[in-house]
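These are the residues of each chain, in order.
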Amino acid sequence: MALSKNRLVVSCPTEEQNLIKELVALSTTEQIRKIRELPVSFEEKKHVRLVEKIFLKICHWSVFPLYLNFIQKCNRDVYLCVLLCCLLLLQLIRRFGYSIKSVSQSLQLWRGIMKEIGGKFGSSVLNYFVLLKWLLLFNIFSFLVNFGFITIPLLVSDLSPNVSPNVSFRGLELLTGAGYFNYTVMYYGSYSNETFRGLVDYDMQLAYFFTISVYMVLCGLVLIFSMASSFKKNYALADAASNSAWQLLCSWDFSITNEKAVNQRKNNLRIQLKESLSEKAHRERQTTSEQLKQYGIYFGSWLLSTGLAVGCGASVFYLCQYEDEVRKSTYCCRNPEAETLLVPFVVSLMNMVIPLFFSLFNKFEQYSSQRKQIYALLFRNVLLRISILGVLCYYWMNTVPQKFTCWEPMVGQALYRLVIVDFIFLMLGSLFGEFLSNVIGTKIQPRLGVPEFDVARNVLEIIYAQTLAWIGIYFSPLLPVIQILKFFILFYLKKVSLTHNCQPPRRSGRAAQMKTIFIFLLFIPFFAGALSIVAYTAWSLTPSEHCGPFRGLNNTFSVIGEWIDDVNKLSSTQWVVWIYQNVIRSEIFYFLITLIILVLIYIFWQLIQGRKELIVLLRKQIVNEGKDKSFLLEKLQNLQKSSEHISIVPRQGMLRGRQSPMRW
Amino acid sequence: MGNKQTIFTDEQLDAYQDCTFFTRKEILRLHSRYHELAPHLVPMDYTNEPDCKLPLALIVDMPELKENPFRNRIVESFSEDGMGNLSFNEFVDMFSVLSEMAPRELKAIYAFKIYDYNVDNYLCKEDLEKTLNKLTKEELTPEEVELVCEKAIEEADLDGDNKLSYTDFENMISRAPDFLSTFHIRI
Numbered sequence: 001m002a003l004s005k006n007r008l009v010v011s012c013p014t015e016e017q018n019l020i021k022e023l024v025a026l027s028t029t030e031q032i033r034k035i036r037e038l039p040v041s042f043e044e045k046k047h048v049r050l051v052e053k054i055f056l057k058i059c060h061w062s063v064f065p066l067y068l069n070f071i072q073k074c075n076r077d078v079y080l081c082v083l084l085c086c087l088l089l090l091q092l093i094r095r096f097g098y099s100i101k102s103v104s105q106s107l108q109l110w111r112g113i114m115k116e117i118g119g120k121f122g123s124s125v126l127n128y129f130v131l132l133k134w135l136l137l138f139n140i141f142s143f144l145v146n147f148g149f150i151t152i153p154l155l156v157s158d159l160s161p162n163v164s165p166n167v168s169f170r171g172l173e174l175l176t177g178a179g180y181f182n183y184t185v186m187y188y189g190s191y192s193n194e195t196f197r198g199l200v201d202y203d204m205q206l207a208y209f210f211t212i213s214v215y216m217v218l219c220g221l222v223l224i225f226s227m228a229s230s231f232k233k234n235y236a237l238a239d240a241a242s243n244s245a246w247q248l249l250c251s252w253d254f255s256i257t258n259e260k261a262v263n264q265r266k267n268n269l270r271i272q273l274k275e276s277l278s279e280k281a282h283r284e285r286q287t288t289s290e291q292l293k294q295y296g297i298y299f300g301s302w303l304l305s306t307g308l309a310v311g312c313g314a315s316v317f318y319l320c321q322y323e324d325e326v327r328k329s330t331y332c333c334r335n336p337e338a339e340t341l342l343v344p345f346v347v348s349l350m351n352m353v354i355p356l357f358f359s360l361f362n363k364f365e366q367y368s369s370q371r372k373q374i375y376a377l378l379f380r381n382v383l384l385r386i387s388i389l390g391v392l393c394y395y396w397m398n399t400v401p402q403k404f405t406c407w408e409p410m411v412g413q414a415l416y417r418l419v420i421v422d423f424i425f426l427m428l429g430s431l432f433g434e435f436l437s438n439v440i441g442t443k444i445q446p447r448l449g450v451p452e453f454d455v456a457r458n459v460l461e462i463i464y465a466q467t468l469a470w471i472g473i474y475f476s477p478l479l480p481v482i483q484i485l486k487f488f489i490l491f492y493l494k495k496v497s498l499t500h501n502c503q504p505p506r507r508s509g510r511a512a513q514m515k516t517i518f519i520f521l522l523f524i525p526f527f528a529g530a531l532s533i534v535a536y537t538a539w540s541l542t543p544s545e546h547c548g549p550f551r552g553l554n555n556t557f558s559v560i561g562e563w564i565d566d567v568n569k570l571s572s573t574q575w576v577v578w579i580y581q582n583v584i585r586s587e588i589f590y591f592l593i594t595l596i597i598l599v600l601i602y603i604f605w606q607l608i609q610g611r612k613e614l615i616v617l618l619r620k621q622i623v624n625e626g627k628d629k630s631f632l633l634e635k636l637q638n639l640q641k642s643s644e645h646i647s648i649v650p651r652q653g654m655l656r657g658r659q660s661p662m663r664w
Numbered sequence: 001m002g003n004k005q006t007i008f009t010d011e012q013l014d015a016y017q018d019c020t021f022f023t024r025k026e027i028l029r030l031h032s033r034y035h036e037l038a039p040h041l042v043p044m045d046y047t048n049e050p051d052c053k054l055p056l057a058l059i060v061d062m063p064e065l066k067e068n069p070f071r072n073r074i075v076e077s078f079s080e081d082g083m084g085n086l087s088f089n090e091f092v093d094m095f096s097v098l099s100e101m102a103p104r105e106l107k108a109i110y111a112f113k114i115y116d117y118n119v120d121n122y123l124c125k126e127d128l129e130k131t132l133n134k135l136t137k138e139e140l141t142p143e144e145v146e147l148v149c150e151k152a153i154e155e156a157d158l159d160g161d162n163k164l165s166y167t168d169f170e171n172m173i174s175r176a177p178d179f180l181s182t183f184h185i186r187i
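From first to last, the protein sequence lines are chains U and H.
Note that the UniProt record's numbering has the first sequence beginning at 1, numbered continuously upward.
Note that the UniProt record's numbering has the second sequence beginning at 1, numbered continuously upward.
Next comes chain H alone, as it looks inside the complex:
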């Protein structure tokens, strides 16, 4: 069906369409973008599922991610090894979650992982401080940073343990209707 392409088998494309929010054309386009990042490393023929991973430095160089203050954390959250090396499946997965068709709950889970710098399943004050510094180019004084983070924890923490668990975060997201449109990268 459609024009003949030799990059993926039909079963593979079916699997991609069933498991992500992309259509066939978008998946092929994503593959060509992935290939562009490292033409000598990424094979054009994926029918026998090659084991090819691109390093973090190449992925964050993409124009969609280059200026994002959280680019490193985004790529790390979607990589299997936690170091930011993405295979093509993880690459597709990343942009699928960040696309506009992904539902709020799924995006909230990954947003939580992105902001959780020390990967302890809580957003503690240090995580928030790092987030704030990334967002303001470190131009706030340390006292102001501490004040803002304390205020944020005070507002969002429901169970009083001075850090934000996933439930606190999700509760805050549910009251922020913009989240769906801001947590979105177009490709």
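Pulled out of the complex, with its shape left as it was, chain U reads as follows:
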């Protein structure tokens, strides 16, 4: 397509014909996508679309006479009607699809607020709110699924909760989750293991098992797909060498509409450019002693951070044991329920205070790039939270089942308490982190300035909160309700805190890559960990004897075995039994699958290496072509000059001859 003054125009008719031919060969959705992506003006796109539609109609109608010869006369009218109806139907379906799309868009939550935040603070801060909304949707889906498939059947069949008479609702339950709540449908313990006979036979055991496992599998799939698509789009070969060109041409955020934010961005860009120019001028080699000192500082701070994380984990473990002893020894005296809040309180306090130490270490270390700094900080925070969660899960899996007869609700209550206390601390953290920093930064110590919104820390906090909910779904199916309320309130709280207390981030960082890292973090340590805890519980631990839907079984997974035995009795569903015995329970299948996947991964890896080498070669080729081009241009210019020179020289000689007598 030839480039005209302002618009790319489909200039030659043959090009247009080629385009139409290309479009006609595609499916309808592909056609629409291709038309939308044409870099031409709107009128041209409409024109292409119209021509393509006419062409299609001509194709249909030109085929029609051929059919006519083969169909009898009475069927011709029917065929005509059917063809017209099909075309009309397709058009109606397309319009219906569009209206569905616009309805779903209008139901989008918080669209106006996101636009406002993105306009004032940029994409990196917006990533936090987008992630919060996404996790909220996970929880809403979980609540609907759990409530619909597990709770409602129970409530329908058995309306009255079997509460023991001396327990009534006090306010403390909202905080501790024990007491009255223990007997409601909130926890695992209240669910029955019967099969409800009614219109259909509804097996509660199977329902509970399948609902939880299908939800976790769906979550995992959604996370994997979004992580993969995010990697594909955003984690391209980010070249550190093209820093200046990138800053100039790609870094300006077009979505910022606030005047102050725009001015601030301009200032920041100017400062960054000046910094990078002066860095280039003063880059000197570090001496060996300075390098050694740098490495010493790295080693020291990593040792300290790992030590802190491990120390926190150990202290949580000892605290759990202490709480256990206290509970066993003193039956009355102090309020035993309030004591259960000790562990969540300490855990949340550690999660709030220790990252401040990590930020402090970060200030002393000097990493070569800002990205490495953020990664180091993130890694340490993740290590801390994983070690605390790991210790807690170990305690729940190993010690709790032996101590209580009805242990799953106990774990559910512990998780409930963690979620609630975590929420309180998130609110407090917002108060201290942002509000107080703002007050200190503007009034007391103006040198510090208005604080920035710390995206990494906040994102990690909501990922951790979501992990607690994921672990807790098995033990407390209605925990997503609490999570929904929590995230809902948190959104508005953070938005208010952001607009009142924070300034836009100074460094226009690589927001898209950070988003990929966040999704990756959400999936690999946190979701995978939660899934493995639930899987371990279902596979290896014995369910409690007297409560819950799996009472009396050896492990939760044996419901499948029993179900397969039932299915085996019917001859029409033998294929299900065959699949179960030869695919799911056979080890050879998994071994083969693993082997095949490993081989595929190796092949793809080699392909990628080959492509990388090809890219390097092609780049060299482009550079060589450029050199060839400039060499040929120079030669052309020289030839032209020399041919002009030959024609000019005699005239110059005549001039010299004339001038010399005048000088005399």
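Keep in mind that the hints were calculated from the coordinates and are not lab data.
Capping the alpha-carbon separation at 25 angstroms, the derived lysine to any residue pairs in SDA-like fashion look like this: (1) U:Lys101 with H:Arg186; (2) U:Lys232 with U:Arg371; (3) H:Lys130 with U:Ser276; (4) U:Lys403 with U:Tyr183; (5) U:Lys115 with H:Ser99; (6) U:Lys495 with H:Ser99; (7) U:Lys53 with H:Phe8; (8) U:Lys34 with U:Lys101; (9) U:Lys232 with H:Leu180.
Listed next, with one range per pair, are the computed distances between beta-carbon atoms: (10) U:Ser278 with H:Lys130: 20 to 30 angstroms; (11) H:Arg33 with U:Leu144: 33 to 43 angstroms; (12) U:Asp566 with H:Glu100: 47 to 57 angstroms; (13) H:Lys66 with U:Ser642: 52 to 62 angstroms; (14) H:Glu146 with U:Lys372: 28 to 38 angstroms; (15) H:Asn121 with U:Ala528: 44 to 54 angstroms; (16) U:Tyr375 with H:Asp45: 54 to 64 angstroms.
Examples of chain U residues toward chain H, derived with CB under 8 angstroms: (17) Arg36; (18) Glu43; (19) Lys46; (20) Trp252; (21) Thr257; (22) Val262; (23) Arg510; (24) Ala511; (25) Val623; (26) Gly626; (27) Lys627; (28) Lys629.
All values derive from a computational prediction rather than experimental measurement.
Positions of the beta carbon are idealized from the N, C-alpha and C atoms, including for glycine.
Go by the hints and put chain H onto chain U.
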């Protein structure tokens, strides 16, 4: 289908939905925004496709574009006459390309046109200098401006002709994953 509106015919709305990344509701909303800019000039009834163009000065006054340093170039790149007078179709086209659903290649083409001040299909040093001055409120010294632009050309120019062609620009964009989210105006 849906609520009755008399601004566009159904065929027109179909065409808009097929050729841009907007839904029916968004197109109607865009029309009301376009109408707000000049209520006495823009007719409410577009069924017979009136020939109405709004001047550059009115378009860049929109809150979405007002603070953008490249607002003039953006509007000029999407106008047929190159002077920034946009008809409604060009208005929709502009926001469609700048929306979040437009693919990277399409955005790269228009970003290149926006930065190309002298419209010669190359980003030469003067284009980059003008871009830089717009981005930094002209507070860098001329030497610094020249240094930064030279460095940018050196980094991105692959074929060694001291200016960036569209291929060089596209190659640089492909290595900048943020581009999709930064080259985006919400409406």
